Amino acid sequence: MSLAFVGICSHAPGITGRADRADPAHRDQFYAALGRLREAVDAAKPDALMIVAAEHFANFFMNNMPAFAIGMGEKYEGPIEDPDWLKIKPRVVQGAPDLSRRLISSVMQSVDTAYAEEWRFDHGIMVPLHFLDPDNKYKVIPANINCQGPPLTPLHRAWAFGEAIRAAADALPERIALICTGGISHWPATPDSGKINEAWDREFLDRWARQDRAAMLSYTDAETYRDAGQGGFEIRTFIAAAGAARGKGEIWHYRAIPIFAVGCTVGVMEIV
Amino acid sequence: MSLYQLSKFLYEINRDPAIQARFRANPQSALEGYDLTDEERGAILEPDIGLLYVLGVNGQILMHYAAFHGIEWSDYLQRMRDGIKRHGPVRAGLYAMTTSLDEKVSS
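Read top to bottom, the protein sequences are chains A and L. Per this note's numbering, the first sequence starts with residue 84, numbered consecutively. Per this note's numbering, the second sequence starts with residue 184, numbered consecutively.
Read the hints as simulated data drawn from the structure, not as lab findings. From a predicted model like this one, the values you see are computed outputs, not experimental measurements. Take these hints with a grain of salt, some might be off.
Stated by the list, open to error - Quick list of simulated restraints, FRET-style, between CB atoms:
1. L/Gly271 - A/Asp125: 48 to 58 Å
2. A/Glu333 - L/Glu222: 43 to 53 Å
3. A/Glu122 - L/Thr281: 32 to 42 Å
4. A/Asn147 - L/Thr281: 24 to 34 Å
5. A/Ala108 - L/Thr282: 24 to 34 Å
6. L/Glu222 - A/Ala254: 27 to 37 Å
In this text, a Cβ means the ideal position worked out from N, Cα and C, and glycines have one as well.
Pulled out of the complex, with its shape left as it was, chain L reads as follows (with noise of 0.2 Å):
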């Protein structure tokens, strides 16, 4: 596990347009040099905003890169929810979800 580590790419490929160039030509170079595992790596790449989430990134990281994936609002918070329900919840950080899987608090 390596929370920081993925968290630290998602805050710089959010931040610097270089990066998500590199990203967008070849995603797996933009990813040397980040102490990854499969897991996080595989999260990424799909994007897989619901495992990313449950993996414990911070929310206010991963609503911008959603937003680079072109994840519409509803459709991000929908994700989260998905996530919660296919890998289990939250395993690290502060942005646990709070209500349960079937209460819509805003849409």
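For reference, chain A alone in the conformation it holds in the complex (with noise of 0.2 Å):
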């Protein structure tokens, strides 16, 4: 068993670019439960931080878009926005090019993942990493599931990719931290910037929480779109941690914040 974490938070730009904007007592709830989640995550004591993200076009497009990727290099930089503008300074990540390498041969015994020793961080990650690696000290993995550009990784596949996952570190002498991080029903960087449906989230949630599998991948992406907002694709990552984990989960944290453009969620997943 060395899974040894598996967690989920939200990851939008605006929780450290446009924090200055929020209701300071929502905004330091929120931080807080970050706060809490990266106690979790060195409680764990994880060789390895492995980040499931639902980037941005940061390094994969349209050109030749993968429904999964994981990284498999030796150093990450991020960010690729501004410095100023998402308020999160550069840094270098330290990869885990071997323990990347047997994870992908693993994972790729059940999914088709495409593996990148080049990824360029963008808030995806780099959010998540500002709030539970404020020292720089973890070896992190990242991974993708195309959320982004349609046709999108079917929720069914990334519900096998997270069993993959977690089939891939059971086989590993090492410990590894998941963090899934996804946004669930929001608008985000067109004017709806902000609008946020709480009900459809808390449904997700509930679901998610409950390890209804079922239930999760029953959305349509029409459904989706229609009640949740492109960003509400982004539940690929958290269904990708329920794979994963399997066992009951546990909401730390959900408040619609709008100037940070999404339902900020904090939550955790027993491992079973």
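Reconstruct the complex from the two isolated chains, following the hints.
Next comes the structure, spelled out in structure tokens:
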């Protein structure tokens, strides 16, 4: 058993970039929940932090879009965005190339993932790292599910990706902490930025927390687009977390913070 | 209409400081090699964020191009609304506006 931890969190650029424009009480409660998640990751004593993200055209584009990708680099750099805009300082993140190679080889037994020795982190990974690894001490393995450029990765394949990560991690001697980061309903970077369907979010998180696979996989992309916006497609990362952990989830924080453009979520899931 | 080429230019300038430097020095030359219509070329050069939005550029690419031009967040949101007012609804892609023109979701 070397999957040591499974958690989820939001990652929107406003969380850091527009921090001073949020209600301070709401912002600080969310930051505190992220701090609690950091402590839980540390307590799991991982050898590497695997972050399953939904990147936004920083590395992958419609010239050659992978349904899944896992990083195999010696190091990574981020943020790719203007550091002053995101308000996160540039850093070089240590990779774990040998561990990545073994993990990818194992995942490929059931899921055809792409791999990448180059990867520049956008806010989708930098915002979680900013809170979960402020000292830049962890070796990181980035992963991506295509939640941005249709045709999107089907939900049941996102689940299978989580299962494949679990099987791979279980066969490795190293301890891996898995963080899956995405938004639930949101309409990011559109004139509707700040619109959040809280009822839809709470329903999805309930399905996630009770580990209801069929209910989680039952959304069509058309329904998600209608009710949860294009940002809602990022539920794929949370679904992968559930496929990996298989236990019950616990939501530590949820609040819609419009200036952050997302329902700000922090949760963990029991590994069974 | 060449939304793919338009998006690809914006994707590449967003992630490549060399293209950013070339664009700052000579905007026209940075666009060489991309198969763009005059409307698309004009929207990039001005920059007309509202028109780029209407043409269907994905917001995840467009917001960084706006930031590259020093356009502040609230101004970015307003420019997209102004673009709809001037040029009509979003013509392609996933990032269409779902609220009405006078409905302000977030400042």
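Results of checking the hints against the structure:
no.: 1; hint: L/Gly271 - A/Asp125: 48 to 58 Å; result: holds, 52 Å
no.: 2; hint: A/Glu333 - L/Glu222: 43 to 53 Å; result: holds, 51 Å
no.: 3; hint: A/Glu122 - L/Thr281: 32 to 42 Å; result: holds, 38 Å
no.: 4; hint: A/Asn147 - L/Thr281: 24 to 34 Å; result: holds, 30 Å
no.: 5; hint: A/Ala108 - L/Thr282: 24 to 34 Å; result: holds, 27 Å
no.: 6; hint: L/Glu222 - A/Ala254: 27 to 37 Å; result: violated, 54 Å
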